[in-house]
Amino acid sequence: MVTEDEMLALIGYRFPGGAYRIEHWESWLLNNCTGAEPRSDGLVHPIALFHVPILGSGITITKLFELGGATGAGSVGLESYDWEYFSPLREDVEYRIDGGITEVERRVADTGQVYDAVAFSIELFDGDALVARVTNRWRFRRTA
Amino acid sequence: MSEGASGAMNVQVGDEIPPWEMPFVDPARMRTMAAILRDPYPVHWDRTSNERLGMGGRVINQGPLNLSYLVNMLHAWAGPTCVRRLTVSFGRPVLDEDSVTARGRVLSVDEVDGERRATCELRLMRGDEVVVSGTAVVAVGVTSDVTID
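Residue numbers (my numbering), protein chains in the order written: chain A, 632 to 775; chain B, 224 to 372.
Hints in this document: simulated from the structure, not taken from any laboratory. Do not take every clue at face value.
Stated by the list, open to error - The calculated SDA-like cross-link candidates involving lysine to any residue, where the alpha carbons are at most 25 Å apart (straight line), are: (1) A:K694 - B:P303; (2) A:K694 - A:R737; (3) A:K694 - B:R275; (4) A:K694 - B:P316; (5) A:K694 - B:P242; (6) A:K694 - B:D321.
This is chain B alone, in the form it adopts within the complex (with noise of 0.2 Å):
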């Protein structure tokens, strides 16, 4: 991907989107996030119930906190409204204290409604084990035909 003169996007297909790094999973933001959630599930603030699961007493990130690792990666590319759609599934937990990192490729570029879309792979990754993965829409500019009066 680069940026050619007038700032709009030029990005091409299998262009890498620069990483996006958690290196530390808090359990205090999972706190905070709880209680944002309204979510009672003991497995994100409660160690003692998680040893019952074999999670060594570790607790468990919420899954919206592993898709903004992958949403943060797209907005530090694109720009804070680039997001279209997130299509994602959840593979292995992520527990406080690991250290996780964003990845993305550029599947296919398209037009729709007066915008370049760029359709990503996206990737979180844990050393070389994939935790979440999916797919994202991404605006990356307007289309060069669309003209405004």
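Isolated chain A (complex conformation) (with noise of 0.2 Å):
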């Protein structure tokens, strides 16, 4: 099992930074997952900040995996987001994207099993505008 020191040493881990535009495309299929109706007013439906943070920050979701050690399915699970929108996001916007790993913490759930809670947070910029600001938290569960 992933030591709890390992875990913790993880805190300030910087994550590449980087950007991200999100086209249109991309927006219509997002957009009709949730079940939405389509749109052609440029606006992206506000759940785009799960995955163009991760991405545009220059990592993805398989290394945040790796860095939590998850070790194959039911090892992973979403605990809580927040997530702060200053502005709407847009298609065809660049946005530039910096953040990294702000807390961890080891935990025993009521039924006893092990687990580290690991939040990140990642801001978005429109030029020098802060557009939006997410903090994640996942849980990985341990195994003896």
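These two chains come separately, so use the hints to put the complex back together.
See below:
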């Protein structure tokens, strides 16, 4: 099992940083997945704040799983999201994106299951203007 | 909630937001979503992998899709640019072929940065079971004391 010290060492880990542009086709498919009506006004569905910050900050879900020591199906779960929007997300805007791991805490669930709660925070900018900030907490469940 | 003559929303504490239903959580949409997210986690598209988890060979809806149903409810109520903040916790997994309903209620109304903002309790329900819960801050109009020269 990944040790608590190994996990705590992730606090302060910075993602490479980068940029992301949401194109219309991706926005359309994302909207369709939610069951919402198609849009033609250039607005992007707010749930893009899941994958756009991750991919745009130069990391991937696969890499986050590796960092957290995921061990297969059932070993990772969502705990919470805190997403702030300072302006709407739009298609064809190149967002500059930066972030990293901000918190790690080893916990024991009521069931006795040991898990690490890992929080990462990422910000999106349009030029110098802050557009959105996300803080996501994931659970990495441990087995002996 | 009612709408005034000017079209501005009249939102009151305790108002129930009109619910939004997803009557059939479609595994095809989960597969498309996995590709958009570049999400390699097989629980969203491989029924075999989920049999080991006691999920009866069903696949698990992505958390962002569960959240999207709550956002769709907010958009239908207050418009497509209304969301200012979403804070949610995930309780139980939502599975393919589930039927879920997004519900919400106004907890408070405040004036912030020239906007009227409603803080709303959110619940995604599968029958009587809450599967996602949290709060949203939603813009519901400009404040009456704001003037534009």
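Hints, verified against the model:
no., hint, verdict
1, A:K694 - B:P303, "violated (33 Å)"
2, A:K694 - A:R737, "holds (20 Å)"
3, A:K694 - B:R275, "holds (24 Å)"
4, A:K694 - B:P316, "holds (23 Å)"
5, A:K694 - B:P242, "violated (37 Å)"
6, A:K694 - B:D321, "violated (30 Å)"
Hint compliance for this structure: hints 1, 5 and 6 are broken, all remaining hints hold.
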